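Protein chains: 2
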Amino acid sequence: MDILTSAKNAKTAAIKLAAVEATIKNQALKAIAEKLATDKKKILEANEKDLVNSGEMNIPTPLIKRLKFDAKKISDTIDGIYSLINLPDPVGVTLTARELDKELNLYQISCPIGVIGVIFESRPDALVQISTLCLKSGNAVLLKGGSEAANTNRVLADIIAEATEAVGIPNSWLHLLETREDVNDMLKMDEYIDLLIPRGSNAFVKYIMDHSNIPVMGHADGICHVFVDSDVDQKMALNIVIDSKCQYVAVCNALETLLVHEAVAQEFLPSLKEKMIHLGVKLLGCPRTTSIIDIAPATEKDWKTEYLDLILSVKVVATVEEAIDHINLYGSGHTDAIVTQNPDTANKFMSLVDSGNVLWNCSTRFSDGFRYGLGAEVGISTGKIHARGPVGLEGLVIYKWILKGSGQIVAPYADGTRSFTHHKLS
Amino acid sequence: MDILTSAKNAKTAAIKLAAVEATIKNQALKAIAEKLATDKKKILEANEKDLVNSGEMNIPTPLIKRLKFDAKKISDTIDGIYSLINLPDPVGVTLTARELDKELNLYQISCPIGVIGVIFESRPDALVQISTLCLKSGNAVLLKGGSEAANTNRVLADIIAEATEAVGIPNSWLHLLETREDVNDMLKMDEYIDLLIPRGSNAFVKYIMDHSNIPVMGHADGICHVFVDSDVDQKMALNIVIDSKCQYVAVCNALETLLVHEAVAQEFLPSLKEKMIHLGVKLLGCPRTTSIIDIAPATEKDWKTEYLDLILSVKVVATVEEAIDHINLYGSGHTDAIVTQNPDTANKFMSLVDSGNVLWNCSTRFSDGFRYGLGAEVGISTGKIHARGPVGLEGLVIYKWILKGSGQIVAPYADGTRSFTHHKLS
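Note that the protein sequences, when read in sequence, are chains A and B. If you're matching positions, the first sequence starts at 130 in the working numbering and goes up one per residue. If you're matching positions, the second sequence starts at 130 in the working numbering and goes up one per residue.
In case anyone wonders, no lab produced these hints; they're calculated from the structure. Bear in mind that the values here come from a model prediction, so they are computed numbers and not experimental data. Do not take every clue at face value.
It does not matter which identical chain is used: a pair holds within one copy or between any two.
[Claimed, not checked] SDA-like cross-link-like pairs, simulated, lysine to any residue; straight-line CA separation at most 25 Å:
#1 K178 to D205
#2 K433 to T141
#3 K145 to D454
#4 K164 to D208
#5 K317 to H340
#6 K317 to D339
#7 K402 to R417
With the hints as extra help, turn the sequences into a complete structure.
Right, dumping it as structure tokens:
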């Protein structure tokens, strides 16, 4: 099936899916979980084929690690689906209700967005997570996974489509795209696709943003900061810096630039250096930093770089305001943390740093849909409309306005013979 | 000042404005209202100049009518500002609050979007309405009005900037752009501008959407439908059709295509024709329509046309499903109404029509921010993310995630030695 037909069918399915009741969607989720268990052997075989192919193609070890979908991961994925079933349905929620006049009532009701195009990296568990989030939120989905995972993704997509369509979910609500050309075609289909969620490298996400009129939700860079204030528990600060930088270095919410208040720099930086050398982290510093500890100098480019590696740039600042200005200038609006004992300073920082996630006395690594308790996430958004930070079920719905009347026309309100009551309905 | 500097300054102002308290913002709104009253003479003189210039340039009468900003309109505008003051502050609202673990609490707090670029038609009252909505929601704004209204807009923008900056609103939160080139430059400034709201012709809005990476909120077409069901009070239906089509013909929520159930077409269409001839509305019909009443035939193109004029295309359909399919295929997702006595048919229609506003037994002309009780609107969105339908204060805010800890790091949660509580905080 060509992609245009897939997209058209997905749009038709999306309209029907928007009206499917929560119980049916939950039955469908249960059917997916059960079929993943019964078809486990088929999944493992497909994944083995992908692993062998990737080995032959000299794909880097970290990618292969992410590609592996073993019995443990299948079981975790199934657990995730049961958690999702227990979350409340995000569709059909009355957001506001207002009487405009007698027997003329306005309701703002949450509803699915429609057709979501998701382009994701090699992890096959992402396919299941994204599809099930879309299903629960009533959205049709066009999926494109990494080509390394082609066999696994094909089996998983078939399992999901078969399991859900068997219990009454509209046919064609899920399509798996197979080629890079499909992605380029998808970018032009603003008539059928309502939202794109790209997950991948910075360059890839920027490419998508630059080449489509379809709204894009996601993040290109994750240049995250920790600011160590003057009024600080230095042991806590060091602990948070280490976890933010090292707990998982290749992820978007890892620390890239450390800002240190000048009042504590003299004492803090030497202990930082000692720990970081021990952990294999290379430090780069501003002139004030390098005058205190002997490390390589940071350049202007460093402040704008997402290393995703064991490298940390360090800058000494005179005030919390300087830290805020640095973050708003060089940051990517992803996740920024302050370590301070002073609530006023913390509140100033959290109020003026213009990022989706602003943290006080904890690690940047917490900014994540699962940790935030959103169930799971389809991605993290650094955009400033619709949804910000980790995006779970609620980021996959919008609303429609429903107005129920009894024959009212506008003319008498326009000429002033009738006026609106605008009472809130409870 | 060049537009790049204006945009940079607006971004700086936006960050400060996000932290300005509601009382100050309301004081600033009051200051605008008062200065509009005291500077009334200056406004009227500037508007007179614009009216004279427009007369000389042979600008069409309806445009000149919209351009006129007389004492009555100034007084209405001032009333509107006092209504806005009385609305609750949309910023700083706690949307969700969740304990992730002991002394690790997550808050989702509403905040302004940042810098909004608004391009609007000739009405000078729109400048005041948009600026005050942006101010109340804490957003900086770059404004470009119609060149016919240049003198009036300049005076109004100066009044607003002076009044607000005198009571502590950050300098440069409002900029008036003067030329068409400014608009083209603005489209490229995705680094500084967070959202564009174009208000104008279909072609203009489409141009903006096609030429910027900045998210755009608005609508190009407003192809609105009324479906007259079989189980219908025909008098009510006719009344609603007349109001939807004729109450104000040149607006986006006016009726363009009427769909009539075949069971009532034989009786309904002749009375429709009689009324419409009387009101000067030209009717175009599908073959089944023209077999019942003698009117000109509608072509495929008519179903996709927003006339904004005294023209109405009419189609006979066999079922509510055919009506829904027609609307989802040819409509623009703006506003669509059903007239029926059958609640099941109405619910099916409102659930399956994929439009921002779905109406039952009332005129399409109700879909408007003021009538909906939103205070006012910056525009109507036919997009499917962020905000849909009339967009008031709530469409001008987003949220940030604020996480307050006491030194927590991710490592123990990742290795399973600690787990999240995820309790809802009240």
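- prompt: Against which earlier hints does the structure fall short, listed by number upward?
  reply: none
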